[in-house]
Amino acid sequence: MARPLMTFGKLRHPRDGDPPRGAHGTPATDIVLAMMLVLLVVTVLALAFTELFHG
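For what it's worth, UniProt numbering labels the leading residue of the sequence shown as 1, then goes sequentially.
Hints listed in this document are in silico derivations from the structure and should not be mistaken for laboratory results. Since we're looking at a predicted model, the values are computed, not measured. We put the beta carbon where it would ideally sit given N, CA and C, even for glycine. Incorrect hints may appear among the rest.
Across the chosen pairs, the derived CB separations fall in these ranges [what the hints assert, rightly or not]:
| hint | residue 1 | residue 2 | range |
| --- | --- | --- | --- |
| 1 | Phe53 | Thr26 | 37 to 43 Å |
| 2 | Gly25 | Leu45 | 36 to 42 Å |
| 3 | Ile31 | Leu52 | 28 to 34 Å |
| 4 | His54 | Gly25 | 27 to 33 Å |
| 5 | Ala46 | Gly25 | 27 to 33 Å |
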């Protein structure tokens with residue numbers, strides 16, 4: 001239990017020299033994650049329609 005709390009404390013108060021950590025990634029990372037989510041949804045819908053209308 002102490003380990004996640006230590007990690008949380010480290011994220012809230014980084015040591016000198018550590019790069020700052022933001023709540024969100026870079027815009028490119030957000031775009032890639034959004035594209036992966038869209039691809040996942042399209043794939044699930046395609047599989048569902050294939051199973052429904054296969055015969």
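Consistency of the hints with the structure:
no. : hint                        : in the structure
1   : Phe53 <-> Thr26: 37 to 43 Å : holds (41 Å)
2   : Gly25 <-> Leu45: 36 to 42 Å : violated (27 Å)
3   : Ile31 <-> Leu52: 28 to 34 Å : holds (32 Å)
4   : His54 <-> Gly25: 27 to 33 Å : violated (39 Å)
5   : Ala46 <-> Gly25: 27 to 33 Å : holds (28 Å)
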